[in-house]
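S.K.: Sequence:
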Amino acid sequence: MVWFSRPGSRIVHGGSAAWREIKRARRLLAMALVGLACSEANPELHPAGVRGAEGLERCDLKGTLALCGQTSVWENRELESGRRIQLHYAVLRSYSASPARDAVFFLAGGPGQSAITLAHDMAPLLESVRRERDIVFLDQRGTGQSNPLNCELADPNDPNEQFRTDFNQNKLKQCVAALDADTTQYTTAAAVADLEDVRKALGYERVNLIGASYGTRLALAYAREHSSSLRSMVLDGVAPPQLRLFLDFLPDGQRALDQAFDYCERNVDCNRSYPSLRQDFAALMARLEREPLIAKVQHPETGEELELTLTADAFASAVRGMLYSAEVSQLLPVVIEQVADGKLDALLTQAMLVSHSVQETMSLGLLLSVACAEDLPRVSDAELAEYSNQSFLPASSVTEIRKACDVWPHAIADAKAAEPVVSDVPTLLLSGELDPATPPRWADLTLDGLHQGLHLVVPGQGHGTLSVGCVPNLVSRFVRDGNTQGLDTGCVEGLKRPHFFLDLLGPRP
Numbered sequence: 001m002v003w004f005s006r007p008g009s010r011i012v013h014g015g016s017a018a019w020r021e022i023k024r025a026r027r028l029l030a031m032a033l034v035g036l037a038c039s040e041a042n043p044e045l046h047p048a049g050v051r052g053a054e055g056l057e058r059c060d061l062k063g064t065l066a067l068c069g070q071t072s073v074w075e076n077r078e079l080e081s082g083r084r085i086q087l088h089y090a091v092l093r094s095y096s097a098s099p100a101r102d103a104v105f106f107l108a109g110g111p112g113q114s115a116i117t118l119a120h121d122m123a124p125l126l127e128s129v130r131r132e133r134d135i136v137f138l139d140q141r142g143t144g145q146s147n148p149l150n151c152e153l154a155d156p157n158d159p160n161e162q163f164r165t166d167f168n169q170n171k172l173k174q175c176v177a178a179l180d181a182d183t184t185q186y187t188t189a190a191a192v193a194d195l196e197d198v199r200k201a202l203g204y205e206r207v208n209l210i211g212a213s214y215g216t217r218l219a220l221a222y223a224r225e226h227s228s229s230l231r232s233m234v235l236d237g238v239a240p241p242q243l244r245l246f247l248d249f250l251p252d253g254q255r256a257l258d259q260a261f262d263y264c265e266r267n268v269d270c271n272r273s274y275p276s277l278r279q280d281f282a283a284l285m286a287r288l289e290r291e292p293l294i295a296k297v298q299h300p301e302t303g304e305e306l307e308l309t310l311t312a313d314a315f316a317s318a319v320r321g322m323l324y325s326a327e328v329s330q331l332l333p334v335v336i337e338q339v340a341d342g343k344l345d346a347l348l349t350q351a352m353l354v355s356h357s358v359q360e361t362m363s364l365g366l367l368l369s370v371a372c373a374e375d376l377p378r379v380s381d382a383e384l385a386e387y388s389n390q391s392f393l394p395a396s397s398v399t400e401i402r403k404a405c406d407v408w409p410h411a412i413a414d415a416k417a418a419e420p421v422v423s424d425v426p427t428l429l430l431s432g433e434l435d436p437a438t439p440p441r442w443a444d445l446t447l448d449g450l451h452q453g454l455h456l457v458v459p460g461q462g463h464g465t466l467s468v469g470c471v472p473n474l475v476s477r478f479v480r481d482g483n484t485q486g487l488d489t490g491c492v493e494g495l496k497r498p499h500f501f502l503d504l505l506g507p508r509p
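The opening position of the sequence shown corresponds to residue 1 in my numbering, with each subsequent residue numbered one higher.
There's no promise every hint is true.
Simulated crosslink set (DSBU-like; lysine-lysine; CA at most 35 Å straight-line) [claimed, not checked]: (1) Lys343 to Lys296; (2) Lys416 to Lys200; (3) Lys171 to Lys416; (4) Lys62 to Lys200; (5) Lys496 to Lys171; (6) Lys171 to Lys296; (7) Lys343 to Lys200; (8) Lys343 to Lys496; (9) Lys343 to Lys403; (10) Lys496 to Lys173; (11) Lys173 to Lys296; (12) Lys296 to Lys416; (13) Lys416 to Lys403; (14) Lys173 to Lys403; (15) Lys496 to Lys62; (16) Lys343 to Lys416.
Hint data in this document are derived by calculation from the structure and do not stem from the laboratory. Computed from a prediction, not measured in an experiment: that's the story for all the values here.
Please put together the full structure from these sequences, using the hints given.
M.R.: Here it is in structure tokens:
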């Protein structure tokens, strides 16, 4: 999915202190794009090799040592002629002198995120897995170093650009013309074939897939086509083929917002400080729909005073972004109160923090190539009207993507691509209880077709759970055993939603 956020240690607003906080938090946010947290690691390379590794070279991924390589494939896999593209990957060698022949492949989210960019931050979370297996970070075609479909449509340093909810059509057309790519060839189906080619090139007999967010859709598609090459799957924030990007965000986002309001109403301190938070939000949205808010703010980097315009659609999008992380959503009551008072500094700082991380780690073009081919064709006007009438998120969050699809050359996915996946591959499915993008209902739906699957809902968490509490240990045990039998998941039961901020000083003990 897209538009994720994760907080720093405190809420900030205005001046250079805010910008220092943004820069400090960028690394955290890169992982928050798939709902992950980060920690430090600098593991050593193990000399053990696998067949096909002779083309790999040592590389330094932000201090994490790895072996990097590339595999050449046809851009157009059907014609097998024309342009060839290089698929780049980074391998973290197992610490074992005789590692298992089934490596772990990490599949990033988005769609559009670079897996290699996340390797440094994922390494410590997969430390136990690495004791027995290599870990491979493959940049999907169109992302990272694999012929990325990068389009910069907005200036990340322009505060007013942070609240645009439309696509710049002219810039989008210019981007298409400038790319050295046939954007119709950048689909989930093509990425599945690419993944199989890389597995063969590296000489692994089978693979274990860890997919995050959109990466779970890619993993499921691989299971459909190459089950004999697959030993196990971990799916975190499950986005099955039945889910429709952007449309299904509307009801799922409303569910997450209602959960936040319900929590505040149940919590004594929050309810005392914000006794009518739900109603205050509705009144604020109605006010913004009548007339956008224009306010003076300080640029977080320069301290320059600027005039900022906030519409109802932009505020709804920002609120949805906050809901991705249980920690960021702690700020929700304060942000609603501040915006109602005409203060946009805190909201702007969060928006710019997200924007910079998206610019650094995401490929907008790959997002469009996938969503325009696989999701938007399955959205009807009647459904959009129904869903938007029941959500704080506007219909424009879908119609603007439709407009982008009108100018972005894309494929039309085969109908079977949206069918449920049926598989006997052992699978651990993970869902955050509070996830606004891939809530537990999608994992439940997916589980119907996974005959050796186990679904774990992690309490009090948003989008992405791989870094939470004991979850890394559960993932390690599951990958080690290759099945869910005897996997004790009780360690997550004590997790809870963090308390909401009651003011700028934070929550109360």
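S.K.: For each hint, tell me whether it holds in the structure or not.
M.R.: These are the hints, each one checked on the structure:
Between lysine 343 and lysine 296, the direct Cα distance comes to roughly 8 Å. Compliance with the 35 Å bound is thereby established for this hinted pair. Of the supplied pair hints, the one linking lysine 416 and lysine 200 holds, its CA atoms being roughly 26 Å apart against a limit of 35 Å. Restraint check for lysine 171 and lysine 416: the C-alpha separation of about 33 Å stays at or below 35 Å, so the hint holds. A threshold of 35 Å between alpha carbons decides the hint, and for lysine 62 with lysine 200 the separation of about 28 Å falls inside it, so the pair holds.
Proximity of lysine 496 to lysine 171 is assessed by CA-CA distance (about 44 Å); at most 35 Å being required, the pair is judged violated. At roughly 28 Å between alpha-carbon atoms, lysine 171 and lysine 296 fall within 35 Å of each other, so this suggested pair holds. The suggested pairing of lysine 343 with lysine 200 is violated, with an alpha-carbon distance near 55 Å, which exceeds 35 Å. Straight-line distance between C-alpha atoms of lysine 343 and lysine 496 comes to about 30 Å, which keeps the hinted pair within the 35 Å bound.
Proposed proximity of lysine 343 and lysine 403 is supported: the alpha carbons are some 32 Å apart, at most 35 Å. The hinted pair formed by lysine 496 and lysine 173 fails the criterion: a straight-line CA distance of about 46 Å is larger than 35 Å. A hinted pair counts as satisfied when its Cα atoms are at most 35 Å apart, and lysine 173 with lysine 296 qualifies at roughly 33 Å. Annotation: proposed proximity of lysine 296 to lysine 416 is violated, straight-line Cα distance about 51 Å (limit 35 Å).
Taken as a hint, the lysine 416 and lysine 403 pair is honoured in the structure, with Cα atoms around 25 Å apart against an allowance of 35 Å. About 12 Å separates the Cα atoms of lysine 173 and lysine 403, which keeps this hinted pair within 35 Å; it holds. Taking the CA atoms of lysine 496 and lysine 62, the gap is near 32 Å; set against the 35 Å cutoff, the hint holds. Restraint check for lysine 343 and lysine 416: not satisfied, since their Cα atoms lie roughly 49 Å apart, outside the 35 Å limit.
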